[in-house]
Amino acid sequence: MEHIVIIGNGISGITAARHIRKLSDKKITIISAESDYFFSRTALMYVYMGHMKFEHTQPYENWFWKKNRLNLVHGYVTQVDTANKKLILNGSEEMGYDKLIIATGSKPNKFGWPGQDLKGVQGLYSKQDLELLETNAPNNEVCKRAVIVGGGLIGIELAEMLRSRDIPVTFLVREDSFWNGVLPEGESQMINEHILEHHIDLKLGTNLKEIIADENGWAKAVVTDKGEMIPCTVVGLTAGVAPNIDFLKGSGIELGKGVKVNNFLETNITDVYAIGDCAEQHESIGNRRPVEAVWYTGRMMGETLAQTICGNKTAYNPGHWFNSAKFLDIEYQTYGWVFSERAKKDHEQHFHWRHPKEKICVTIAFHRDTKLFLGINTFGIRMRHEILDRWLTEKRSVSYVLEYLKDANFDPEFYAEYEQAIISCYNSHYGTNIRPKKKSWKRIFSNV
Amino acid sequence: MQIIKKIGLFIFLIGLTVFTILPFIGEFKVTPATMDQIIREKGISSEFFIDRMQENVVGKQFQGMLSLSPKITQALEAANAQHRKNKEYKKIIYTGPHDLAATVGKGSGSGFIVENKGLMWFLTFGLGIIGALLFIVPNVVLLGQKGIKNNGIYHENATNRGWIAWLVFVFLVSFYLVLYFRSEFAVNWTYLVDPISEFLSGNPAGHWFVYGFMYCTVMTVMAVRMYIKYRHNMYQMVRTTSVLFFQIVFAFLIPEIMVRLQMPYYDFKNAFPLDYDFFFQWNLKSLLNSGGIGLFILVWGIVLTLVIVPVMVYFFGKRWYCSWVCGCGGLAETLGDPYRQHSSKSLFSWKVERWLVHGVLVFAVGMTMMTLYSFFTESGTVLGLKTQSVQNTYSLLIGAFFAGVIGTGFYPIFGNRVWCRFGCPLAAYLGFVQRFKSRFRITTNGGQCISCGNCSTYCEQGIDVRAYAQKGENIVRSSCVGCGICSAVCPRGVLKLENGPLKGRINPTEVLLGNDVDLMELVNNK
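So the protein sequences, as listed, match chains A and B.
For the first sequence, my numbering gives the first residue as 1, with consecutive numbering after it.
For the second sequence, my numbering gives the first residue as 1, with consecutive numbering after it.
Hints listed in this document are in silico derivations from the structure and should not be mistaken for laboratory results.
Anything over 10 Å on all C-beta distances counts as not near chain B; from chain A, calculated:
id, residue
1, E2
2, L72
3, P168
4, G181
5, N216
6, D225
7, S284
8, D346
9, Y430
30 Å max Cα-Cα, derived DSSO-like pairs, lysine-lysine:
id, chain 1, residue 1, chain 2, residue 2
10, A, K439, A, K395
11, A, K85, A, K313
12, A, K439, B, K503
13, A, K22, B, K351
14, A, K249, A, K27
15, A, K144, B, K149
16, B, K471, B, K437
17, A, K395, A, K406
18, A, K127, B, K345
19, A, K22, B, K503
20, A, K53, B, K351
21, A, K260, B, K471
22, A, K406, B, K146
23, A, K249, A, K260
24, B, K149, A, K203
25, A, K107, B, K471
26, B, K42, B, K85
27, A, K438, B, K437
28, A, K107, A, K86
29, B, K345, A, K22
30, B, K146, A, K326
31, B, K345, A, K53
So these bits of chain A aren't anywhere near chain B, every CB distance computed over 12 Å:
id, residue
32, D25
33, G75
34, N109
35, G115
36, E210
37, K395
38, R396
39, C425
Just so you know, these numbers come straight off a predicted model, no measurement behind them.
Note that CB positions come from ideal geometry on N, CA and C, so glycine has one too.
Just need the whole structure built from these sequences, with the hints factored in.
In structure tokens:
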């Protein structure tokens, strides 16, 4: 029986394992040094905040693995011997494989800051990071202040976590507005305001210069590039993540930023594959980046690779870009491409609407000349994935999207509706006369 | 703000303490006149019992129900034993010993509590309400920006099965045991609400009136908590208002007012088989003897169960009943909301749930068929089984223990929908309709799910919502009561409760939206 070994029990590795099991009877082994069972990394914040217990982050009950003959091995792969098709676990144990799937995810970036390895300095990525944070910052008596370095999604999550225990937080953001390398200006500005509403000391356009130690080797303060010294107990380093592939050096597997793969997720070595955060595409797909550290792309790569491994060779071909996140209390969804001012091309034009009082806004990107709908960002409004995906495939115009916007609304029942306000704003801006159509189930289900 | 909360908690605890002490104190003096009246009303013909009472009880002063109650129950049990032995079946007293003790107690209370009903009401209900509101209302400020506020739920003792949760558990279970099985200890509570009961129905309050009044009070106060906690979520606001309205108007006020108008006591929204004794002989007789209104209730009750309930479930899902109208659901969604995370999501619980809830439905329907057979044929037994004893068994096991003691008492430990999930026969019936013929579903939003587990954790019905959401499948489970909390707590906007066409309601998706279209076709068409 063919032995499939998967390194990493995150969403990519587990999805691959589940789908291989659905399609075949192969022997499957999953190796992890992080946790006994698969858990949802994105939910770690809720454990610290007390919304959930760790066990709630595990999507499958513990009996699931044995029942589906998914062999779980606790261990750390120290070496991959591709010539003899075997792994070295924990420095000594050997394990053979017929096909190897590398799904080891990411690790937090550190950019060589002085003091970055002091006690009290940590990232937020793994289960161990969560446990460390519980020790470093159990409450606001032990942790008098935390400084977070890096204004991305993990940074704002860490800030929210610490604020849930009333720990004062200073948030150093390199950009002059929060996440404005990704978000258009109006949205980024709204999130700046919301961060301040949560009593987070937001310092924009500020970089970390060094972290200062006390006599016991603990962080006691950070110094910024503006010369300011901020006393603190905990420093959170959240300046993005990078593929976790150090153990593969010297294995003969081609590495770049991540493990280099073609669009069948194959590495340069036969029978070795890489999926998820740690994989780097030789050529980027559409506007997507070669390394995509996103939950659902990991899942999709797992689904795709399972097909290939089970004899139905399938290329990884993600559809239209979409994603979502939550900034403190504000939900964010994006479908298609809406680039920030920094990243957008000349032909990309934005229509932005913001609610006069609430923290709700929408940005629609479209082609300046053809009026082709390119993408939409919504804050505080939920959208129906299926509909927007269809509109992108059908290459609809921006006026079509506005006209049928009600079909795409996914907010809970009885919520206030904003389509009318959004459309009148667009009409007065561009001198058009678009009228919203009533929501139609027939249209929503027309492609099912 | 924290200080106001603490003061509120202190005041609430004073009110609760006074309320808890009441069953054990108070003076009772049984006058000969009271005794005569009870003997007449209950039609008691046992000289043995009357003699014993005259000897031990009448004319004497008792301090607290603990000293009075045993005298009455012992007299009754001794009398009945004597009569059974002597085969004097006509003299046996069929009123339960504790019910009789409650009746005697109600007629003989004297002293401070009885003379100061208003003051005592204030010291119990009044302080409880004021304290609880002082504890709850500062959250408007303390919770900060509107949004989901579940911070600390698993850190706090009260909501994480700590000692406070266990104390609440013991208190609630004891309260229900008193209510169902030792009602004489509720006599002092009835005095507190006598003025309200007399205003509404014209009669002094019984212990079920205390329960009804308390139910409404608790729901109202805890609804304030819901309004504050979920103030960003219109679905929760509207739904909370709806359950509150149906509890206060339909379950509490209308039946009391009907009594005042010489009509039968009836809760128009309480559908059979949740209202399990609707077809019991005494109820049918009472309805048939109440003229036009009785007949109307009879027809309404039947139409409600056979037509209105399933038709509404077809259009809106069972949520229209379970979390918009029903009283049990109403308490679960207000008082029970802090405990919703305790329902077990394991596959094992789901198996237990299906056996139990459908078992109760079979039991309820079987019992009702026996009842109707007995009613029309006027025979007391069906296939050798005594209808009366089957009814008694159901009332005790399901009506009292399952729905009351376990259903509400176990809130802090097993979550707020134990009864609705494992026991309610109406929920089982509605569940069939919802699963197989309804426009209701919880739509999963394509590929947006990140498997975080908030939805599953906060599902009060123990549905592993995430298991569906992460596969991109809509949720059409029969047990879903449509509370909408999964949708509310989802950080990625994945879930939406909606009523739509049957086509496309169940969406088999082997590969989620977002992955290459060809692959989707390949897998789904295979």
